[in-house]
Amino acid sequence: MLKTNFKKFIFAFIAFIFVFCMTTSVFATDAIGNTVINTVETENIVSTPETNDDSVYANTSLELVEDTVCKIDVGGYGEFTKQITEFNEAEKSATLTLTMTNTKTVEESQKDVEIFFVIDNSSSMTQTYNDVTRKEAVINSASSLIDKLYEKNSNAKIGIVGFSSLDSSKGETEGTLEDAKLISSLSNDQTEVKNALTQLSDLEYGPRTNIEAGLTIAQTNFSDDENISRYIILLTDGVPNNATDGTSMTYSGVVAERTKSKIEEIENSGINIIGAMINLDSEKEEPSTGKTYRELSEEIFGTEENSTLTKYFYIPDGEIENTIVNDIFDSLVVRTDNTLRNITITDYFPQEIIDNFDFEYVASPNIGTVSQTINTENNSITWNIELLSEGETATLSYKLTLKKDYDQNIIDVVLPTNTHVDITGETDEGQIDTTSDDSPTIVVRYKKPVDNTVVPDKKLPQTGEFTTWILATIAVIVAIMAGKTLILKKQNK
831 MLKTNFKKFI FAFIAFIFVF CMTTSVFATD AIGNTVINTV ETENIVSTPE
881 TNDDSVYANT SLELVEDTVC KIDVGGYGEF TKQITEFNEA EKSATLTLTM
931 TNTKTVEESQ KDVEIFFVID NSSSMTQTYN DVTRKEAVIN SASSLIDKLY
981 EKNSNAKIGI VGFSSLDSSK GETEGTLEDA KLISSLSNDQ TEVKNALTQL
1031 SDLEYGPRTN IEAGLTIAQT NFSDDENISR YIILLTDGVP NNATDGTSMT
1081 YSGVVAERTK SKIEEIENSG INIIGAMINL DSEKEEPSTG KTYRELSEEI
1131 FGTEENSTLT KYFYIPDGEI ENTIVNDIFD SLVVRTDNTL RNITITDYFP
1181 QEIIDNFDFE YVASPNIGTV SQTINTENNS ITWNIELLSE GETATLSYKL
1231 TLKKDYDQNI IDVVLPTNTH VDITGETDEG QIDTTSDDSP TIVVRYKKPV
1281 DNTVVPDKKL PQTGEFTTWI LATIAVIVAI MAGKTLILKK QNK
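In this note's numbering, the protein residues as written are 831 to 1323.
Calculated from the structure, these hints are not laboratory results. Any given hint could turn out to be false.
[What the hints assert, rightly or not] The calculated lysine-lysine pairs, modelled on DSS-like cross-linking and capped at a C-alpha distance of 25 angstroms, are:
#, residue 1, residue 2
1, K901, K1233
2, K1277, K1234
3, K1114, K922
4, K1090, K1024
5, K901, K978
6, K982, K922
7, K1278, K1234
8, K922, K1278
9, K1141, K1090
10, K1000, K1011
11, K1141, K941
12, K922, K1121
13, K987, K941
14, K901, K941
15, K1121, K1090
16, K1011, K987
17, K987, K1141
18, K1233, K922
19, K1141, K978
20, K1024, K1011
21, K1011, K1090
22, K922, K1277
23, K1000, K941
24, K1024, K978
25, K1141, K1011
26, K941, K978
27, K1141, K1121
28, K1024, K941
29, K1024, K982
30, K982, K1141
31, K1000, K978
Given the sequences, and given the hints that come with them, work out the whole structure.
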């Protein structure tokens, strides 16, 4: 009976120890005593998400792959650039700036130019209009024109010649080159030239008009440089009645022929004559010829539409200032026209940009106008600039922002921001038509989030390890000791 009870005790004890060991080996504790489940550590990897939700968008980023600039030479007159100028990580957006610059300078546009003002100083110029003599009106207008010329081209050289005739009633010999006077040689000193006009206003006038003498004095005082633009501005109120061969008081014949011949000679030498005939009577007849003064003038100078001069104006007294200051100025070429005109810039977008990015302008262009939205027929915007002067820069900026529901197929794909840019326009030398397919590039990245259940670096104890062996050893020792105790008790009985 005792033996049977002993066996039952031993079996029950061993079963208890086994169950205890198994239950204590299933779980382990971490370094701070918290129970955790055995797991496999995951890596931080880049992959494609299965769906686009807020968490996916939050783990998406936009990167600049290449800091490429789309750069176009615009006919040697200017330069166009398109580049990424700003990244906003929070918005997942890129701002691109388009810049159009006229690279010519004002100094490059200024031409070497020489101009002689040849101004009538005969007695008829003392007639008044609105309390101002014709001579005063012409000199004041010439002064304003000179200011305008120097403002436009500080390198211009200007001279002043006055003409009429000497007075034979005073014993003077008229009908020679002495009928004209060089008051100021060519100079780019604005003060000196303006002072010469003052001298002309004080100059004693003669009774007749020797235009040939005035033109000849100016002609012989130009430089010999054929690369310089040369002009004579002839301002008079009368048909010539004197020439340099000694004849006088003749409105036709020798005087008309010599004056017209001198004009043609000067024009053929490359000097341009721009003339203004002031308050010429188109109805009153000249007694000796029976022709109107307008008809006599046209025999020499021609008409406004078909003149022997480079440009000719018939003007009334009331239009002296406007004609001299504005119309004559517009007839002068004192600078090279380096203006860029009628520029059209067309920026074409790839379909991936259209489908996956929102487009918006950051600001309106500082010069010109741009299409309000993207043209969906050819995926483009068009920027028009009517005029771009020397040194001017036009800018336009827009922003591309990644959509939340972007196509996952563009992840890790290098995306150009344009397929190409076309530019057309005009310069003084002709048409511009150029293009470039260079483009700033971006890429969309997705970064898979890290699993928060990752096990700490400390290794967890595994099932059946050290604890089990200790408990099993204790169980065997206890069983042996219990057995010996029972045997000893039996023998003592």
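Right, here's what the structure says about each hint:
This hinted pair does not check out: K901 and K1233 have alpha carbons roughly 28 angstroms apart, beyond 25 angstroms. For the given pair, K1277 sits about 15 angstroms from K1234 by alpha-carbon distance, which is consistent with the 25 angstroms threshold. Taken as a hint, the K1114 and K922 pair is broken in the structure, with Cα atoms around 83 angstroms apart against an allowance of 25 angstroms. Between K1090 and K1024, the direct Cα distance comes to roughly 30 angstroms. Violation of the 25 angstroms bound is thereby established for this hinted pair.
For the suggested pair K901 and K978, the alpha carbons sit about 37 angstroms apart, so the restraint of at most 25 angstroms is broken. For the hint pairing K982 with K922, the CA-to-CA distance comes to about 49 angstroms; that exceeds 25 angstroms, so the pair is violated. Using a Cα cut-off of 25 angstroms, the hinted pair K1278 and K1234 holds, with the two alpha carbons roughly 16 angstroms apart. Pair hint K922 plus K1278 holds up; C-alpha atoms about 17 angstroms apart against a cutoff of 25 angstroms.
Distance restraint check for K1141 and K1090: the Cα-Cα separation of roughly 15 angstroms lies within the 25 angstroms cut-off, and the hinted pair is therefore satisfied. The suggested pairing of K1000 with K1011 holds, with an alpha-carbon distance near 18 angstroms, which does not exceed 25 angstroms. Proximity of K1141 to K941 is assessed by CA-CA distance (about 20 angstroms); at most 25 angstroms being required, the pair is judged to hold. Of the pairs offered as hints, the one joining K922 and K1121 is violated, with about 85 angstroms between alpha carbons and a cut-off of 25 angstroms exceeded.
Of the supplied pair hints, the one linking K987 and K941 holds, its CA atoms being roughly 11 angstroms apart against a limit of 25 angstroms. With a CA separation close to 30 angstroms, the supplied pair K901 and K941 exceeds the 25 angstroms bound. With a C-alpha separation of about 18 angstroms, the suggested pairing of K1121 with K1090 holds against the 25 angstroms cut-off. For a cut-off of 25 angstroms, the pair hint linking K1011 to K987 stands: about 18 angstroms separates their Cα positions.
Distance restraint check for K987 and K1141: the Cα-Cα separation of roughly 20 angstroms lies within the 25 angstroms cut-off, and the hinted pair is therefore satisfied. Pair hint K1233 plus K922 holds up; C-alpha atoms about 9 angstroms apart against a cutoff of 25 angstroms. Note on K1141 and K978: the hinted pairing holds, with a Cα-Cα distance of about 19 angstroms set against a maximum of 25 angstroms. With a C-alpha separation of about 16 angstroms, the suggested pair K1024 and K1011 falls inside the 25 angstroms cut-off, and the hint holds.
Restraint check for K1011 and K1090: the C-alpha separation of about 20 angstroms stays at or below 25 angstroms, so the hint holds. Of the pairs offered as hints, the one joining K922 and K1277 holds, with about 14 angstroms between alpha carbons and a cut-off of 25 angstroms not exceeded. For the hint linking K1000 to K941, the alpha-carbon distance of about 45 angstroms lies beyond 25 angstroms, and the restraint is violated. Of the pairs offered as hints, the one joining K1024 and K978 holds, with about 12 angstroms between alpha carbons and a cut-off of 25 angstroms not exceeded.
Between K1141 and K1011 the alpha-carbon distance is near 24 angstroms, which keeps this suggested pair within the 25 angstroms criterion. As the CA atoms of K941 and K978 are separated by approximately 15 angstroms, the hinted pair is consistent with the 25 angstroms bound. For the hint pairing K1141 with K1121, the CA-to-CA distance comes to about 24 angstroms; that is within 25 angstroms, so the pair holds. Among the hinted pairs, K1024 with K941 is consistent with the structure: their alpha-carbon atoms are about 21 angstroms apart, no more than 25 angstroms.
Taking the CA atoms of K1024 and K982, the gap is about 16 angstroms. The hint holds against a cut of 25 angstroms. A threshold of 25 angstroms between alpha carbons decides the hint, and for K982 with K1141 the separation of about 21 angstroms falls inside it, so the pair holds. Between K1000 and K978 the alpha-carbon distance is near 40 angstroms, which puts this suggested pair outside the 25 angstroms criterion.
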